[in-house]
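**Q** Sequence:
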Amino acid sequence: MKTFCKRIFWDVPLAAENAPCFPGLQCIPFDEKLEASWKDINFHFSFAPQGMDLMEHMKFEEDAMLISAYSGHLRLAKELGMAYLGVQIADPLSDCPYVALDVAALTPEYVERVYRRIHRLPWEIAETKRCILREEAPEDLDALYEIYAADSVKEWMEPLFPRAEEEAYLKDYISSMYGFYGYGMWMVIEKETGRQIGRVGFQNRQVNGETQPELGFLIAAPYQEKGYGKECCKAALAYLKDALQIPYVNCITDPQNTRAVALAKCLGFTEQGEQMIDGKPMKYFCKIL
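Under the numbering used here, think of the first position of the sequence shown as 1, with each following residue one higher.
Treat the hints with care, since some could be wrong.
[To be verified] Label pairs and their calculated CB-CB ranges:
{"no.": "1", "residue 1": "Ala168", "residue 2": "Val207", "range": "26 to 32 Å"}
{"no.": "2", "residue 1": "Phe4", "residue 2": "Pro255", "range": "43 to 49 Å"}
{"no.": "3", "residue 1": "Pro255", "residue 2": "Gln203", "range": "15 to 21 Å"}
[What the hints assert, rightly or not] Taking lysine-lysine and the PhoX-like style, the derived pairs with C-alpha atoms no more than 25 Å apart in a straight line are:
{"no.": "4", "residue 1": "Lys283", "residue 2": "Lys226"}
{"no.": "5", "residue 1": "Lys230", "residue 2": "Lys171"}
{"no.": "6", "residue 1": "Lys280", "residue 2": "Lys226"}
{"no.": "7", "residue 1": "Lys287", "residue 2": "Lys129"}
{"no.": "8", "residue 1": "Lys234", "residue 2": "Lys287"}
{"no.": "9", "residue 1": "Lys78", "residue 2": "Lys129"}
{"no.": "10", "residue 1": "Lys191", "residue 2": "Lys2"}
{"no.": "11", "residue 1": "Lys78", "residue 2": "Lys154"}
{"no.": "12", "residue 1": "Lys2", "residue 2": "Lys154"}
{"no.": "13", "residue 1": "Lys226", "residue 2": "Lys129"}
{"no.": "14", "residue 1": "Lys234", "residue 2": "Lys2"}
{"no.": "15", "residue 1": "Lys129", "residue 2": "Lys171"}
{"no.": "16", "residue 1": "Lys230", "residue 2": "Lys287"}
{"no.": "17", "residue 1": "Lys129", "residue 2": "Lys230"}
{"no.": "18", "residue 1": "Lys265", "residue 2": "Lys154"}
{"no.": "19", "residue 1": "Lys234", "residue 2": "Lys283"}
{"no.": "20", "residue 1": "Lys287", "residue 2": "Lys265"}
{"no.": "21", "residue 1": "Lys226", "residue 2": "Lys171"}
{"no.": "22", "residue 1": "Lys280", "residue 2": "Lys129"}
{"no.": "23", "residue 1": "Lys241", "residue 2": "Lys287"}
{"no.": "24", "residue 1": "Lys265", "residue 2": "Lys230"}
{"no.": "25", "residue 1": "Lys154", "residue 2": "Lys280"}
{"no.": "26", "residue 1": "Lys230", "residue 2": "Lys191"}
{"no.": "27", "residue 1": "Lys265", "residue 2": "Lys234"}
{"no.": "28", "residue 1": "Lys171", "residue 2": "Lys2"}
{"no.": "29", "residue 1": "Lys230", "residue 2": "Lys241"}
{"no.": "30", "residue 1": "Lys171", "residue 2": "Lys154"}
{"no.": "31", "residue 1": "Lys287", "residue 2": "Lys191"}
{"no.": "32", "residue 1": "Lys154", "residue 2": "Lys241"}
{"no.": "33", "residue 1": "Lys283", "residue 2": "Lys241"}
{"no.": "34", "residue 1": "Lys226", "residue 2": "Lys154"}
{"no.": "35", "residue 1": "Lys265", "residue 2": "Lys280"}
{"no.": "36", "residue 1": "Lys191", "residue 2": "Lys78"}
{"no.": "37", "residue 1": "Lys171", "residue 2": "Lys78"}
{"no.": "38", "residue 1": "Lys283", "residue 2": "Lys129"}
{"no.": "39", "residue 1": "Lys283", "residue 2": "Lys265"}
{"no.": "40", "residue 1": "Lys230", "residue 2": "Lys78"}
Honestly, the hints are just simulated from the structure, not real lab data.
Ideal Cβ placement from N, Cα and C applies to all residues, glycine included.
Go ahead and model the full structure; you've got the sequences and the hints to work with.
**A** Structure, rendered in structure tokens:
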């Protein structure tokens, strides 16, 4: 996974041996005695002696993140436009959107994901043999319109909105869906070419008064019937189970869409009958993860 966060301003009052190790990242300690131990790191070295006012030392650095136990310092990072992450030591950090309750939770992957969320960069969700699943981004729109233009896609999928409306919808979707639920529809990227070749993920639907995740999948016409749908759906289902600990998921498809019905069954979904969706009978499947 490509990393965007390259430097960490470490502002947590813990002994050095308790600080996490981030391979490939430069950590900037706030203890003069530690200076020598960090000089060998192959990055530009910056350092603030213990007792120096962090507010005087910090400046905006695009590739940096502040990890701090102090609300005032976190607010400063936000004002500077930097990425920031709180560590709960004593005082509550109620105004910080991302707070680790345990230093052990500060893995490089978690730090990178917080950095991306604050800077509105898409998360990479899963990797398969041939593809990467990542969150959608505004630059995906051209590829999406091309994918949705194919007859084999238009037969079963609702069209996208007109361009300006779709841009506004996608922007709102990115800022709300991913951060709140932890899932959504993700882009399928072919690793060999870097091309966007479809969408796989989960949308919400009200079932018996409860919001439940529903598997959705769409593979571009040139890549259909080559196993991409099965490969990427399996990775998405594993993420839903392992990372989000969601116990079940639904799948609803047109009975006439025989390839979608076959894929649902191949993925282990159990048919539950039919439901009327927008006045049309649809096959309803469910899977316990």
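**Q** Indicate, hint by hint, whether the structure satisfies it.
**A** We went through each hint and held it up to the structure:
1. Ala168 - Val207: 26 to 32 Å: holds (28 Å)
2. Phe4 - Pro255: 43 to 49 Å: holds (45 Å)
3. Pro255 - Gln203: 15 to 21 Å: Once the Cβ atoms are compared, 20 Å apart, the range 15 to 21 Å for Gln203 and Pro255 holds.
4. Lys283 - Lys226: holds (24 Å)
5. Lys230 - Lys171: violated (28 Å)
6. Lys280 - Lys226: Violated: Lys280 and Lys226 sit about 29 Å apart, past 25 Å.
7. Lys287 - Lys129: With a Cα-Cα distance of about 24 Å, the restraint between Lys287 and Lys129 holds, given a limit of 25 Å.
8. Lys234 - Lys287: Status holds; Cα separation ~12 Å.
9. Lys78 - Lys129: violated (38 Å)
10. Lys191 - Lys2: holds (13 Å)
11. Lys78 - Lys154: violated (44 Å)
12. Lys2 - Lys154: violated (34 Å)
13. Lys226 - Lys129: holds (13 Å)
14. Lys234 - Lys2: holds (23 Å)
15. Lys129 - Lys171: Outside the cut-off at roughly 30 Å; violated.
16. Lys230 - Lys287: At roughly 15 Å apart (the allowed maximum being 25 Å), Lys287 and Lys230 satisfy the hint.
17. Lys129 - Lys230: holds (12 Å)
18. Lys265 - Lys154: Within the cut-off at roughly 23 Å; holds.
19. Lys234 - Lys283: Within the cut-off at roughly 20 Å; holds.
20. Lys287 - Lys265: Judged against 25 Å, a Cα distance of about 10 Å means the pair holds.
21. Lys226 - Lys171: violated (31 Å)
22. Lys280 - Lys129: Violated: Lys280 and Lys129 sit about 37 Å apart, past 25 Å.
23. Lys241 - Lys287: This hinted pair holds, its Cα atoms lying about 11 Å apart.
24. Lys265 - Lys230: Status holds; Cα separation ~11 Å.
25. Lys154 - Lys280: holds (17 Å)
26. Lys230 - Lys191: Distance ~16 Å between Lys230 and Lys191 Cα, so the pair holds.
27. Lys265 - Lys234: holds (12 Å)
28. Lys171 - Lys2: Roughly 23 Å between the alpha carbons, so the hint for Lys171 and Lys2 holds.
29. Lys230 - Lys241: Judged against 25 Å, a Cα distance of about 17 Å means the pair holds.
30. Lys171 - Lys154: Between Lys171 and Lys154 the Cα gap is close to 23 Å, so the pair holds against 25 Å.
31. Lys287 - Lys191: violated (29 Å)
32. Lys154 - Lys241: violated (31 Å)
33. Lys283 - Lys241: With Cα atoms ~23 Å apart, Lys283 and Lys241 stay inside 25 Å; holds.
34. Lys226 - Lys154: holds (19 Å)
35. Lys265 - Lys280: Between Lys265 and Lys280 the Cα gap is close to 21 Å, so the pair holds against 25 Å.
36. Lys191 - Lys78: violated (34 Å)
37. Lys171 - Lys78: holds (21 Å)
38. Lys283 - Lys129: violated (30 Å)
39. Lys283 - Lys265: OK: Lys283 and Lys265 at ~11 Å, within 25 Å.
40. Lys230 - Lys78: Violated, because 41 Å separates the two Cα atoms, which is more than 25 Å.
In the structure shown, a violation is registered for the earlier hints numbered 5, 6, 9, 11, 12, 15, 21, 22, 31, 32, 36, 38 and 40, in ascending order.
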